[in-house]
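Could you use the hints to bring the two separately framed chains together as a complex?
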Amino acid sequence: MSQSTPENTSVPLLAVSQLSTRFRTPGGVVPAVDDISFSLCSGETLGIVGESGSGKSQTLFSIMGLLPPTAETSGSIRFEGKELLGLPPAELNKLRGERLALVFQDPMTALNPYLTVERQLSEVVQYHHGLSRPAARAEALTALRRVHIPEAERQLDRYPHQLSGGMRQRVVIAMAMIANPSLLLADEPTTALDVTIQAEILDLLAEQREAGAAIVLVTHDLGVVARLCDRVMVMYAGKVVEEGRTSDVFRNPRHPYTQGLLAAIPRLDDDIHDPRKAIDGQPPDLLELPPGCAFAPRCPLAGPDCRVTAPVLVPHGELGAVACHHANPGVRPS
Amino acid sequence: MTPPSPLLRVENLSVRFPIPGEMWGAKAVVHAVEDVSFDLAPGETLGIVGESGCGKSTLGRTVLNLIPATLGRVFWQGRHLAAATAREQRLMRREMTMIFQDPLASLNPRMTVGSLVGEPLDIFEPSLARDERRRRIAAVLERVGLPPDAVARYPHQFSGGQCQRIGIARALILKPKMIVCDEAVSALDVSVQAQIVALLGELSREMGVSLLFISHNLAVVRQISDRIMVLYLGRVMEIADRQSLYHAPRHPYTQALLSAVPVPDPEIERQRQRIHLVGELPSPLNPPSGCVFHTRCPFASERCQREMPALAAIDALHTVACHHWQEIAEGRHRATT
Numbered sequence: 001m002s003q004s005t006p007e008n009t010s011v012p013l014l015a016v017s018q019l020s021t022r023f024r025t026p027g028g029v030v031p032a033v034d035d036i037s038f039s040l041c042s043g044e045t046l047g048i049v050g051e052s053g054s055g056k057s058q059t060l061f062s063i064m065g066l067l068p069p070t071a072e073t074s075g076s077i078r079f080e081g082k083e084l085l086g087l088p089p090a091e092l093n094k095l096r097g098e099r100l101a102l103v104f105q106d107p108m109t110a111l112n113p114y115l116t117v118e119r120q121l122s123e124v125v126q127y128h129h130g131l132s133r134p135a136a137r138a139e140a141l142t143a144l145r146r147v148h149i150p151e152a153e154r155q156l157d158r159y160p161h162q163l164s165g166g167m168r169q170r171v172v173i174a175m176a177m178i179a180n181p182s183l184l185l186a187d188e189p190t191t192a193l194d195v196t197i198q199a200e201i202l203d204l205l206a207e208q209r210e211a212g213a214a215i216v217l218v219t220h221d222l223g224v225v226a227r228l229c230d231r232v233m234v235m236y237a238g239k240v241v242e243e244g245r246t247s248d249v250f251r252n253p254r255h256p257y258t259q260g261l262l263a264a265i266p267r268l269d270d271d272i273h274d275p276r277k278a279i280d281g282q283p284p285d286l287l288e289l290p291p292g293c294a295f296a297p298r299c300p301l302a303g304p305d306c307r308v309t310a311p312v313l314v315p316h317g318e319l320g321a322v323a324c325h326h327a328n329p330g331v332r333p334s
Numbered sequence: 335m336t337p338p339s340p341l342l343r344v345e346n347l348s349v350r351f352p353i354p355g356e357m358w359g360a361k362a363v364v365h366a367v368e369d370v371s372f373d374l375a376p377g378e379t380l381g382i383v384g385e386s387g388c389g390k391s392t393l394g395r396t397v398l399n400l401i402p403a404t405l406g407r408v409f410w411q412g413r414h415l416a417a418a419t420a421r422e423q424r425l426m427r428r429e430m431t432m433i434f435q436d437p438l439a440s441l442n443p444r445m446t447v448g449s450l451v452g453e454p455l456d457i458f459e460p461s462l463a464r465d466e467r468r469r470r471i472a473a474v475l476e477r478v479g480l481p482p483d484a485v486a487r488y489p490h491q492f493s494g495g496q497c498q499r500i501g502i503a504r505a506l507i508l509k510p511k512m513i514v515c516d517e518a519v520s521a522l523d524v525s526v527q528a529q530i531v532a533l534l535g536e537l538s539r540e541m542g543v544s545l546l547f548i549s550h551n552l553a554v555v556r557q558i559s560d561r562i563m564v565l566y567l568g569r570v571m572e573i574a575d576r577q578s579l580y581h582a583p584r585h586p587y588t589q590a591l592l593s594a595v596p597v598p599d600p601e602i603e604r605q606r607q608r609i610h611l612v613g614e615l616p617s618p619l620n621p622p623s624g625c626v627f628h629t630r631c632p633f634a635s636e637r638c639q640r641e642m643p644a645l646a647a648i649d650a651l652h653t654v655a656c657h658h659w660q661e662i663a664e665g666r667h668r669a670t671t
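Protein chains in written order, with this note's numbering: chain A, 1 to 334; chain B, 335 to 671.
Watch out, some of these pointers could steer you wrong.
Said to hold, decoys possible - With the C-beta cut set under 8 Å, the calculated list includes, among others, these residues of chain B facing chain A:
1) A528
2) Y580
3) A590
4) D599
5) P600
6) R608
7) E614
Stated by the list, open to error - Estimated spans, in silico, between C-beta atoms of each pair:
8) B/E476 x A/T191: 48 to 54 Å
9) B/P354 x A/S17: 24 to 30 Å
10) A/L66 x B/Q660: 51 to 57 Å
11) B/I353 x A/G281: 18 to 24 Å
12) A/T191 x B/D465: 43 to 49 Å
13) B/S635 x A/M108: 32 to 38 Å
14) A/T309 x B/L651: 53 to 59 Å
15) B/L645 x A/G165: 25 to 31 Å
16) B/N620 x A/G165: 15 to 21 Å
17) B/S371 x A/T191: 30 to 36 Å
18) A/R145 x B/Q660: 36 to 42 Å
19) A/A206 x B/L645: 34 to 40 Å
20) A/Y114 x B/E614: 19 to 25 Å
Unchecked claim - Here are a few chain A residues that sit away from chain B, every Cβ distance over 12 Å (derived from the structure):
21) N112
22) A199
23) P266
24) A310
Bear in mind the hints are in silico, worked out from the structure with no lab data behind them.
The beta carbon of each residue, even a glycine, is placed where N, CA and C say it ideally should be.
Excised from the complex, chain B in its bound form (with noise of 0.2 Å):
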């Protein structure tokens, strides 16, 4: 009956960590997430790129509620996050979950695959049958490539890559509606890591789980995302479907992290250009003024040093904060791939 709501909406969502000052000095405050928006389908997988520190981390947490957001709000198919009762939290927890960076740490040592795949049951569907809870437990791992005598081994038995998929299938017993991977597959080796890319594909297709991916490495995030966000000191750069994002970036920091990943072909690599950003990374201590990307980005003028530059529309599903896009996109400038 209701118009096709958005399975999670982030509105203005900043998250700030105080941090002890120096001796005399104020207390200083971390800007990890500024003012970052958007709306997750359900069914659709939206990556969020970004180098470290820029927040993406923190943003994947903080829709969890695992981090409090300082302002703003997160709604899970439109009931308000922080407002809901730890009863409610509970329910939202079963619909919900997060897939880690370091398959082995995230996976308890001491316990069997079949009792980590299985501990979600037991917690959410406590009076489930045993013989049920031990099918359910195969069908799972079976589904994310895993072999049956796997229930009664230990993690480190398994590699990387096997690891990776018992995080995965401890992700997806509760028939969640939205996985959070965090940089899942960045410790994994290339061959592996394209399995798995596969793998997290092939099941949020079949079973309309949504993805909020978050990873450093573009080329993976292009694999897999419908849409991108891309982060920088905490704020969003640009958001974009695939198609525009990686033919036709607008941002000028989009730009640059494009042009900065070497192409695996010599005779590619020999004719690109790259754009270069002057300067270090800011503080997000101590964010610039205006555009928090100026002081490092090459087509800063000096509006851009007092003003911030809102979210623009360019299209219905692209979006981009910088002044001067459009002269960028008419000049000569533009990212080579």
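Just chain A, with the same shape it has in the complex (with noise of 0.2 Å):
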């Protein structure tokens, strides 16, 4: 059931080139996406990483038209060849849900409280299907199915607080794939759930990549994008950083902060890691970027040049990119 658009297959599914957006505030103008540029395939699986104010969530939010009113957009967002930036919300709307579809952190808050399972499901497939109600719920049933829902028919008259954190994620997941998109994007999808339910929910998103959809998975998690990314980009400030195939990245970071991320994050299986490791300082305030290179205050490798002009995102080898001065090709400092 692939899904790829059909003029042509060799035009990316989502094409985002000098995507910027901007929030104005009291305080000044927070430069929250700032110019980024990816494309993306038929049953591709983008994760992008970066901690709080990276602008890994907003790069969403803009693909998605979900942005306030204080916040400007610039640049292009092709999907399935068609320009999303300025598209009349009622034709935004047709795509949403339908071809494409968003996934959020907390699935209490992207359920209605006061609808059963049934109508949320259902909704989307009359909107956007006109089926009639028992075709919907016939519909409705059947996406339960797909992820996995126990007793999916009792599970259907149900309201999402009888659910749990689990449950309601899949439900969340159901609705997103129930018109069958042909993006899905993902914010931090498993963040707010156990462990053991977030392995599960990365299966099942896994499974609708196999499916055919293409995904977006936004993350700080770097263990998840390991587990189900074919490509990773790491976001820093509201710039890509770095990108390339997670493998590449992940053997062979060039990027001191994706360096340090790697460096910085416990894992089950190495040795007790040095701390000392660990990236100094904070995340920056989007509002006082310094000049140049936003994590040169950060960087052990900062030099002059870095905090002056700000490094652009230069190529290498294949589908890699990394945006520093310094970046050291081939080497990992210890």
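Next comes the structure, spelled out in structure tokens:
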């Protein structure tokens, strides 16, 4: 059930170019997403990682057109050949839920507490496919079975508060997948869940990918990226600092921030790591970004050039790119 | 003179919360913590892990006497906590403190960092000279890595990681013997989390403070703990030293938990075997018969449904509550780490 674009398969499913999203706030303009570009083909899974304020979630919300009125977006987001930026809301609504769907971090707030599971799910297909209520109920049941909800029929008539966190997130994924979208955007879909439930939800996302959906997964957890994603994009202060194939980036991280992140995560499978490897300092305040490279104040390799000019993303090899004046190809500092 | 007695001893502790029953039903009881026993030595860090609803936070609060125990006893340096007089309890309070999950929410926004950190001194050492008070606040702020000018600033002017440092300074200023850290780094970014875990580890070593480190994050717990206790539905499944728990876990639940944590390495991730748990977490209102884990355990037998397994010692530091741990260990079922 591949959902690739009908006209030309070499055209990426999603092409984001020079996307910037800024928020006007009383304190000034916050450059939440700053000139980022990436593309995604059908069936591909891209992980976007970063810490708070890195712009990873705002990138997703920009694609979905779910930004508050204080946001200004520029650049281009082409999805299935169609430009999403500036698309009238009515047209965007036709795409959302049917062609592209979003899974939120917190399943409780993503579900309407007043609606039964059936109503949450059937709304999507009634709206997009004009199904009758009984036909929509049948679709809802299929969707619940697809996400392995036990006793699916009984769950249809329950309300969100009667479900556990893991079940709720399954319902949210079922909702997202019910119309067979070609692109699934997921914002920290497992962060609120226990590890054993997280493992099940990640399996579920992998199944949606097998079924042909492309996935953009936003997470702070590099383990989740390692498990699920073909490619990874590392963001810092609204910019992409490194990208590439997941296996390449993890084996040979070139940006000092990526290296620091990988060193900072405690792991189950290696020696107890040396806490001195942790990155110093705090993620920056987007209202007071330093000139030059935003990571320079925390970077062990920063030189005078880093404090003057911001590095641009320079491609290397196949699919790889890094934005650092001192990126050291092939060497992982210890 | 006396043999090294544990700082904290918890004996057969149960904590149950009655909740209003349904219209005609009997009153229901949440079994938050059931029959938990452990010792905490001076300077030791005990990690307490488990998923939501396993009772780990309730356990931490009961140990601090913030929640009364339903059954069982908690001894602080040999003294029965619940039997202590108000005056004794007040003295104990000096020696045991807590660091909370949400650093900003746990600090009064209208107090400066100096008064927040100095507040425990005002309560316990009201006669302290002002200079000395100021000196102690400055010293503890420096120790946790905050700038000297933090004293006059307010919590909202700091990032999450720095707020957690303020919380640590507040916990440290009375030189406690034990700190209960309840998900103390869970809300922080990865890079900052590593800094705070490193700081807590240093402080524990330098000052000989014992930590009860409560977290759902098994990898973080591994960084800092000497021993780890795994809870499920309020009961202890396994207690072991770090090496044994992570390299030779014996309880199927521990094995499943460890196998569920993704490792940040795509090559390893692709080859890992996972232990799938079936079904959902049962309600603590109505815990399963026999072994509470049997409804989800891949190895459960008929005996597990009937009979609650006792904690059995594998060696001096390692105990496990499972009827079948030996057979599982001898079979080919191992968690892959």
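Report task. Check each numbered hint from earlier against the structure, then list the numbers of those it violates in ascending order. Result -> 8, 9, 11, 22 and 23
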